[in-house]
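As a plain string of letters, each chain reads:
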Amino acid sequence: MELERLEEYVWRIPVEAGMRVPGIVFASQELMDRAVQDRAIEQVANVATLPGIVGASYAMPDIHWGYGFPIGGVAATDADHGVISPGGVGFDIACGVRLLRSDLEWQKDVEPVIEKLVHVLGVHVPRGVGTKGRMRLSGTETERVLVEGVRFPLSRGVGFEEDAEHCEDRGTLAGARPEFVSEKAFQRGSSQLGSLGAGNHFVEVQVVEEIADVRAAGVMGMFVGQVCVMVHSGSRGLGHQVCTDHVKVMDRLMPSIGIEVPDRQLACVPLSHPAADEYLGAMYAAANFARANRHVLGDGAREAFQEVFGRSARDLGLSLVYDVAHNLAKVEDHVVEGKRRTVCVHRKGATRAFGPGHPEVPSAYRDIGQPVIIPGSMGTASYVLVGTNESAERSFSSTCHGAGRAMSRTKAKKVMSGPEVARKLEAEGITLAPAHWGLLSEEAPYAYKDVSEVVRVCEGAGLCRIVARLRPVGVVKG
Amino acid sequence: MSAGYNILEHTADLGIRAWGATREQAFEQAARGLIDVMGARARMPIVARTVKVEGTDAAAVLVDFLNELIVLHEIEEAGFGRVRVLRVSDSELEAEVEMAPLDGRAGGTTVKAATYHQLEVREGSGRVEADVYLDV
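Chains C and R, in that order, are what the protein sequence lines are.
One point on numbering: in my numbering, the residue at position 261 of the first sequence is 261, and numbering is uninterrupted.
One point on numbering: in my numbering, the residue at position 57 of the second sequence is 57, and numbering is uninterrupted.
Source of the hints: derived by calculation from the structure; they are not laboratory data.
It is possible that some hints are incorrect.
Claimed, not checked - The calculated DMTMM-like cross-link candidates involving lysine to aspartate or glutamate, where the alpha carbons are at most 20 Å apart (straight line), are: (1) Lys52(R) x Asp245(C); (2) Lys184(C) x Glu54(R); (3) Lys184(C) x Asp90(R); (4) Lys52(R) x Glu94(R); (5) Lys414(C) x Asp36(R); (6) Lys248(C) x Glu123(R); (7) Lys248(C) x Glu9(R); (8) Lys52(R) x Glu183(C); (9) Lys413(C) x Glu360(C); (10) Lys52(R) x Glu92(R); (11) Lys184(C) x Glu76(R); (12) Lys184(C) x Glu143(C); (13) Lys413(C) x Glu98(R); (14) Lys248(C) x Glu120(R); (15) Lys248(C) x Glu77(R); (16) Lys248(C) x Asp64(R); (17) Lys52(R) x Glu9(R); (18) Lys116(C) x Glu426(C); (19) Lys248(C) x Glu94(R); (20) Lys116(C) x Glu303(C); (21) Lys413(C) x Glu94(R); (22) Lys132(C) x Glu76(R); (23) Lys413(C) x Glu393(C); (24) Lys184(C) x Glu77(R); (25) Lys411(C) x Asp450(C); (26) Lys411(C) x Glu77(R); (27) Lys424(C) x Glu115(C); (28) Lys424(C) x Glu390(C); (29) Lys132(C) x Glu77(R); (30) Lys414(C) x Glu9(R); (31) Lys411(C) x Glu9(R); (32) Lys248(C) x Glu92(R); (33) Lys248(C) x Glu54(R).
Based on the provided sequences and hints, a complete structural model is requested.
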């Protein structure tokens with residue numbers, strides 16, 4: 001496959017057999033060299049074959065080989081004659097990130113008590129396989145979470161009322177249809193609200209290390225030396241099951257509709273098909289579950305801070321900066337080839353990044369653009385970015401989602417053992433909550449790309465602007 | 001070896017290549033692979049459960065079968081003993097699965113789902129081989 005370099009950070013995959021649009025990859029030379037080592041570029045081309053795809057099949061700099069869609073992929077399909085593909089959202093529906101700021105300073109307030117703080121956080125944040133969440137739900141209550149998102153825990157007095165305003169979709173995605181969420185999904189999810197899960201999910205205590213955009217950081221209430229809390233989690237077993245169920249339905253339907261895809265995990269149906277409505281309704285429901293999950297986890301973090309500092313979370317200034325998903329498909333209006341069109345934007349390992357003035361951006365951030373939270377791999381920097389209006393024309397208002405894996409889990413485990421990785425992180429001054437270290441090396445920093453390079457390229461390509469860099473000082477791993 | 005499995009490398013996830021003399025054997029090995037990845041092997045099974053799934057072809061049946069095991073593991077917090085695949089057709093599978101409660105947390109990787117990515121069941125000359133990728 002021939003790649004054309006259009007700009008320093010923009011590469012084009014020309015249209016070849018079966019592709020309906022070209023592929024566009026945002027990457028530096030170094031990141032492109034990595035992307036072509038696995039099968040990610042081939043997957044960008046595969047996505048370009050989906051019926052009704054418009055513009056291009058996009059890939060962010062953190063792109064890597066996924067299942068069907070690449071991780072870091074963005075595809076917009078026409079609402080009238082395009083398709084929707086559950087694989088373009090993935091199994092962890094609405095997996096995303098939530099950032100809480102505080103009035104606390106690292107050296108003065110938190111460093112002396114970091115070990116205690118991380119220990120208490122570990123107690124307040126349920127994690128690992130099969131763990132029960134902070135909120136137990138009856139069937140009816142689970143259904144309310146699916147429809148109401150963060151409004152449900154708020155109605156139970158969990159969290160601050162103003163948290164909702166600083167969430168994507170104000171914490172509640174309209175159009176959720178719990179009736180298309182299976183009994184199995186309900187069973188998987190009902191005990192898991194307010195639990196972290198496993199893999200790369202985490203709650204981290206972080207310190208603002210550098211500020212690149214003083215004005216935007218000021219609007220977000222951020223300052224150098226400040227302590228923040230980042231939560232990275234998703235829709236848990238409920239979301240996984242929604243994807244499993246609906247991919248199966250679409251895989252069965254495709255032959256009768258006459259759609260062929262190069263990889264079965266790209267299973268899709270036209271947006272006009274009833275199965276598309278059913279998936280959208282179920283996927284939005286799972287997205288509401290994911291928001292509520294991060295909301296309840298954020299509440300656990302606030303409780304831990306209250307316990308350690310003996311002051312209320314409000315008094316500590318622990319307010320929500322923003323909560324945004326990086327695995328989601330949404331129906332949005334975009335200008336395509338000069339014409340305004342309604343499209344379904346699939347973002348799989350990519351974050352929506354609306355620029356200043358966009359009506360979907362909370363009023364507090366309207367002048368600076370939508371905050372984008374980029375979680376680093378364990379033990380490395382995380383970033384706060386803002387969306388740009390340029391990204392509307394370049395990538396359907398999307399930017400990256402993280403560092404992106406560079407090494408398989410099997411290989412990562414061969415480089416270092418879990419306890420060795422734990423010791424290395426601790427030697428770097430990062431406090432870890434106790435856990436089983438056996439699998440820690442699967443998520444070791446060396447298994448990922450350099451997150452700083454990823455965000456630098458996104459900024460260089462005009463997809464977002466860097467606001468602040470945060471470094472981890474305490475890690476509670478899933 | 002006449003039946004077995006190995007792990008296929010993948011940047012983000014992982015795959016299982018399972019084989020045997022028959023479809024039943026190969027699918028049993030795929031289940032064994034999944035259970036090992038999840039660290040969900042139970043030493044003293046206390047109950048045997050019949051699992052039935054259906055699909056549009058043998059490969060889809062395999063994905064559904066593995067997804068059923070993932071759900072049992074998560075909802076019932078179960079570990080697994082012996083998995084016996086009794087019969088597999090192009091549209092159905094029936095298996096007997098020995099289960100026991102897992103004490104404490106599973107020691108393995110959390111598996112979100114079995115996927116259709118690069119899914120393949122190859123059959124010929126007395127050997128069946130299946131590739132399936134897991135989202136982890």
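Against the structure, the hints:
1. Lys52(R) x Asp245(C): holds (16 Å)
2. Lys184(C) x Glu54(R): holds (16 Å)
3. Lys184(C) x Asp90(R): Violated, at roughly 24 Å.
4. Lys52(R) x Glu94(R): holds (5 Å)
5. Lys414(C) x Asp36(R): holds (18 Å)
6. Lys248(C) x Glu123(R): violated (23 Å)
7. Lys248(C) x Glu9(R): violated (24 Å)
8. Lys52(R) x Glu183(C): holds (17 Å)
9. Lys413(C) x Glu360(C): Roughly 42 Å separates the two Cα atoms, so the pair is violated.
10. Lys52(R) x Glu92(R): holds (7 Å)
11. Lys184(C) x Glu76(R): Cα-Cα ~11 Å, so holds.
12. Lys184(C) x Glu143(C): holds (13 Å)
13. Lys413(C) x Glu98(R): Between Lys413(C) and Glu98(R) the Cα gap is close to 30 Å, so the pair fails against 20 Å, i.e. violated.
14. Lys248(C) x Glu120(R): holds (16 Å)
15. Lys248(C) x Glu77(R): violated (24 Å)
16. Lys248(C) x Asp64(R): holds (8 Å)
17. Lys52(R) x Glu9(R): violated (30 Å)
18. Lys116(C) x Glu426(C): Distance of about 15 Å is within 20 Å: holds.
19. Lys248(C) x Glu94(R): Holds. Lys248(C) to Glu94(R) sits at ~18 Å (cutoff 20 Å).
20. Lys116(C) x Glu303(C): holds (13 Å)
21. Lys413(C) x Glu94(R): Outside the cut-off at roughly 35 Å; violated.
22. Lys132(C) x Glu76(R): This hinted pair holds, its Cα atoms lying about 12 Å apart.
23. Lys413(C) x Glu393(C): violated (41 Å)
24. Lys184(C) x Glu77(R): Holds - the C-alpha atoms of Glu77(R) and Lys184(C) are around 14 Å apart, at most 20 Å.
25. Lys411(C) x Asp450(C): holds (18 Å)
26. Lys411(C) x Glu77(R): It is violated: about 29 Å lies between the C-alpha atoms, which goes past 20 Å.
27. Lys424(C) x Glu115(C): The hint holds at about 17 Å.
28. Lys424(C) x Glu390(C): Given pair Lys424(C), Glu390(C) is violated - Cα atoms ~40 Å apart, limit 20 Å.
29. Lys132(C) x Glu77(R): Judged against 20 Å, a Cα distance of about 11 Å means the pair holds.
30. Lys414(C) x Glu9(R): At roughly 13 Å apart (the allowed maximum being 20 Å), Glu9(R) and Lys414(C) satisfy the hint.
31. Lys411(C) x Glu9(R): holds (8 Å)
32. Lys248(C) x Glu92(R): holds (14 Å)
33. Lys248(C) x Glu54(R): holds (11 Å)
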